[in-house]
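J.: Residue-level listing of the chains:
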Amino acid sequence: MREKEFGVWRPITWRRYLDEVRWLALGLTELGLRRGDKVALVGHNRPEGLWAEMATLAIGGVVVWLYQDALIDEIQYMVDHADARVLVGEGQQEVDKGLAIKPRCPRLERIVWDDPKGMRGYDDPCLVSLAEVRRLGQEAHAKDPEAFERMVARGAADDVALLFYTSGTTAQPKGALLSHRNMLKMGQNLMAMDPCEESDDYVSFLPFAWIGEQMMSISCGLMAGFALNFPEDPETVQRDIREIAPQVMFSPPRIYEQMVRTVQVKVLDAPKPKRAAYNWAMRVGGEVADRRFAKQPISWPLRLKHRVADLAVLRKLRDHLGLARIRHTYTGGAALGPDHLRFFHGIGVNLKQIYGQTEIAGISVVHRDGDVRYETSGLPIPETEVRIAPDGEILSRSPCVFQGYYKNPEATAQTLRDGWLHSGDIGFIDERGHLVVFDRRKDVMTLADGSRFAPQYLETRLKFSPYIKDAWVLGDRRDAVMAVICIDAGVVGKWAEDNHIPYTSYPELSQKPEVQALVRDAVLHVNKALPQAARVQRFVNLHKEFDADDEELTRTRKLRRAFLEERYQAIVEGLYSGAREIHLESTITYEDGRTSQTRHTLRVVETA
Amino acid sequence: MTGDPLLRIESIHLAFGGVKALRGVSLEVRRGEIFSIIGPNGAGKTVCLNCVNGLYRPQQGRIRFEGRDLEGLKPYRRAALGISRTFQKLELFSGMTVLDNVRLGRHLHMRGGLLSGAIYLGQASREEVEHREFIEREIIDLLEMTHLRDRVVGMLPYGLQKRVELGRALALGPKLILLDEPMAGLNLEEVEDMARFIIDINEEARWRVTCLLVEHDMGVVMDISHRVAVLNFGEKIAEGTPGEVQADPMVHQAYLGEEEEIYTSRR
Numbered sequence: 001m002r003e004k005e006f007g008v009w010r011p012i013t014w015r016r017y018l019d020e021v022r023w024l025a026l027g028l029t030e031l032g033l034r035r036g037d038k039v040a041l042v043g044h045n046r047p048e049g050l051w052a053e054m055a056t057l058a059i060g061g062v063v064v065w066l067y068q069d070a071l072i073d074e075i076q077y078m079v080d081h082a083d084a085r086v087l088v089g090e091g092q093q094e095v096d097k098g099l100a101i102k103p104r105c106p107r108l109e110r111i112v113w114d115d116p117k118g119m120r121g122y123d124d125p126c127l128v129s130l131a132e133v134r135r136l137g138q139e140a141h142a143k144d145p146e147a148f149e150r151m152v153a154r155g156a157a158d159d160v161a162l163l164f165y166t167s168g169t170t171a172q173p174k175g176a177l178l179s180h181r182n183m184l185k186m187g188q189n190l191m192a193m194d195p196c197e198e199s200d201d202y203v204s205f206l207p208f209a210w211i212g213e214q215m216m217s218i219s220c221g222l223m224a225g226f227a228l229n230f231p232e233d234p235e236t237v238q239r240d241i242r243e244i245a246p247q248v249m250f251s252p253p254r255i256y257e258q259m260v261r262t263v264q265v266k267v268l269d270a271p272k273p274k275r276a277a278y279n280w281a282m283r284v285g286g287e288v289a290d291r292r293f294a295k296q297p298i299s300w301p302l303r304l305k306h307r308v309a310d311l312a313v314l315r316k317l318r319d320h321l322g323l324a325r326i327r328h329t330y331t332g333g334a335a336l337g338p339d340h341l342r343f344f345h346g347i348g349v350n351l352k353q354i355y356g357q358t359e360i361a362g363i364s365v366v367h368r369d370g371d372v373r374y375e376t377s378g379l380p381i382p383e384t385e386v387r388i389a390p391d392g393e394i395l396s397r398s399p400c401v402f403q404g405y406y407k408n409p410e411a412t413a414q415t416l417r418d419g420w421l422h423s424g425d426i427g428f429i430d431e432r433g434h435l436v437v438f439d440r441r442k443d444v445m446t447l448a449d450g451s452r453f454a455p456q457y458l459e460t461r462l463k464f465s466p467y468i469k470d471a472w473v474l475g476d477r478r479d480a481v482m483a484v485i486c487i488d489a490g491v492v493g494k495w496a497e498d499n500h501i502p503y504t505s506y507p508e509l510s511q512k513p514e515v516q517a518l519v520r521d522a523v524l525h526v527n528k529a530l531p532q533a534a535r536v537q538r539f540v541n542l543h544k545e546f547d548a549d550d551e552e553l554t555r556t557r558k559l560r561r562a563f564l565e566e567r568y569q570a571i572v573e574g575l576y577s578g579a580r581e582i583h584l585e586s587t588i589t590y591e592d593g594r595t596s597q598t599r600h601t602l603r604v605v606e607t608a
Numbered sequence: 001m002t003g004d005p006l007l008r009i010e011s012i013h014l015a016f017g018g019v020k021a022l023r024g025v026s027l028e029v030r031r032g033e034i035f036s037i038i039g040p041n042g043a044g045k046t047v048c049l050n051c052v053n054g055l056y057r058p059q060q061g062r063i064r065f066e067g068r069d070l071e072g073l074k075p076y077r078r079a080a081l082g083i084s085r086t087f088q089k090l091e092l093f094s095g096m097t098v099l100d101n102v103r104l105g106r107h108l109h110m111r112g113g114l115l116s117g118a119i120y121l122g123q124a125s126r127e128e129v130e131h132r133e134f135i136e137r138e139i140i141d142l143l144e145m146t147h148l149r150d151r152v153v154g155m156l157p158y159g160l161q162k163r164v165e166l167g168r169a170l171a172l173g174p175k176l177i178l179l180d181e182p183m184a185g186l187n188l189e190e191v192e193d194m195a196r197f198i199i200d201i202n203e204e205a206r207w208r209v210t211c212l213l214v215e216h217d218m219g220v221v222m223d224i225s226h227r228v229a230v231l232n233f234g235e236k237i238a239e240g241t242p243g244e245v246q247a248d249p250m251v252h253q254a255y256l257g258e259e260e261e262i263y264t265s266r267r
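So the sequence lines, in the order shown, correspond to chains A and B. Heads up: the first sequence begins at 1 in the numbering used here, then just goes up one per residue. Heads up: the second sequence begins at 1 in the numbering used here, then just goes up one per residue.
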């Protein structure tokens, strides 16, 4: 693996990796950790985080990763519910959070920290530095060189390895238990399908608390042995990805949406000849990709044009996005719109959709190379069966299916029935055997004409416009479909500046008639491709962006619809009553937990 | 915070023609403390800093640094002694990158000359790497500028430029740093960051820099300073801990205002 520190990529050998894990495991044992104990981990992606995870697993403990940006109450709930005995954090920020929740977590004994910056004044006895843990481990190893091997040998494939809390779109998160076998089988099966070389590079920048990152960095990383590259800072991730140019990547849709938006914005800015070149190249690239997937022949003139387009434009685009050496890259965790998929294949990036969940240690379904259809999620991976229940629910069965929910037998009984994992998603299998995911069961809408509709479908299409960051579609059992749109602050702000439209804040910008016209055009464009009953009748631009801290989104940026309906009841009513304006009073939560009240007036725009 | 006096300003008088900017100001800044000078505009605070720095020359009085009289020493000589400063109006090269600007601050520690620098073998490259390592570890990491390294200073928002200014001043490796209105023009979040950095460089074992601040932001001054001096019309009218100065009626009359409001602490 490599870590970028102080501006330089520093390599870490596998031998050092093993040494660090050994010392940390022995050190944690000295502090009292035993088999089956839970260790909570929080922090940015860095080698120490990985070593701490491996050390815990070596002892036979259970790893609980928490999201870096989780609020204090969320952290307290998870640490307490998991019965964690140790919290391993990165630096002062995590220590502060740990000390704040400790009184409400009776089983929490120790807080381990790593980065000394700002730790001068802390003298709480429960705090211990990672360096100290390492030292204890080194001493223990010197006294008993076989201790580590013995400890590891006691582990079995079906021991619980991870306790991961799933992003609760409703209610409190549930803790899914995953075994060693679950995780390694996932790595094995994925690598069997899309093999990676030991010489490959992977950039690890998504939270370790996300099962997708665990699957790639740990399951696949261990199975295939490729190098993990840890960026310097969350702010330098884009640059670091470009420097490394990894061969394989896995991200949630928002990363790809962001990439597309960046390109679209730069193109809007570019001089006419460049824009023309870009549009031409994209057309050629798109056509070639379409033909390839439809298994149609590609004529010689088209091949030639594609070569030119690739050399002149597409190659540069790939390099700019850090995708110059990508062999395959995945998107998962939520739906990515078909337009976005087409964009990437058009520029020559092998982007594949996956479908899966925490409860199956990662994925059950993925596109095969050369068999990518934009509306589907692909075919099951080895040793995996996927079946559709009579009511349309997607069921999966594989050696990676989880062990159950921690301390929650009712939820476990509901989700794991007869060995089949009930996903809570509705979908069907198309004529080519590809799985098509409709939406979460509770989110599927029934339209005015009785047909069923996935709001996700409409939302992802809307998000293809660079001006729209988020969209929330309403219309279940109503006579029309409505939308609540969050404009992208950066892109629309720049557009407003270019068009000499003054504004002072996001709420003001969102209500400007010119901006509303801009969004209206985007909505009309999407409406054209939809059946009548599914077309958006009216929309409002929301005065703020959806935020996980406001509980509007999960930590993986999925909409929490039930909560949104409750919070913005006034908007829902206003849209359906035909009002021209909607008055809102709402509470905003700042990152440090403070709240404030605000009042806004939203103008409704017709698109019927 | 008791330490031996690092800087002694003894009864300095400075006049610009008929305008008496400083009238017998005496101060003592102890090693390891954060000392702030406050006062209304035109009180002579920046003039005071400029005298310590060597940019102005007082007509009367002495300034002693570590016991040594600074009389007649040019500013660059004083820098070599370990006095660094930031400027109210940023003095950065706006066309150069952040890293280059910080590197400039290191120039006093460079031994290689023009020729060895041009050939770049042996001593010159070794020195370059050493200094770069110092800058990366101690300054860029401390001031959280890792993502700004290669950005051109002129393109950065004002708050970040001020941070680069601080970084440049720190690159000298000073014993005493003169900060001229470090909080001016910063929003709430940036002020908190800057205050944190000042506390860091003062308290971190690695740095332990004595800070002499000129500031208007009362919240910050009262929160982070060990001692405060108040100037008014070129004279020192009060000196002491933040609590003592806040309670002083003369200070209230001259500067703070008649109400007995306590400034909200941001610590």
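Note that these hints are calculated values from the structure, not bench results. Don't take every hint at face value.
What the hints assert, rightly or not - Under the rule of at most 20 angstroms between Cα atoms (straight-line distance), these lysine to aspartate or glutamate pairs were calculated in the DMTMM-like manner:
(1) A:Lys-4 / B:Glu-133
(2) A:Lys-117 / B:Asp-193
(3) A:Lys-316 / A:Asp-233
(4) A:Lys-512 / B:Glu-144
(5) A:Lys-117 / B:Glu-10
(6) A:Lys-117 / B:Glu-136
(7) A:Lys-4 / B:Asp-193
(8) A:Lys-4 / B:Asp-200
(9) A:Lys-558 / B:Glu-235
(10) A:Lys-117 / B:Asp-150
(11) A:Lys-4 / B:Glu-204
J.: Where does the structure disagree with the numbered hints, that is, which hint numbers, in rising order?
T.: 3, 4, 5, 7, 8, 9, 10, 11
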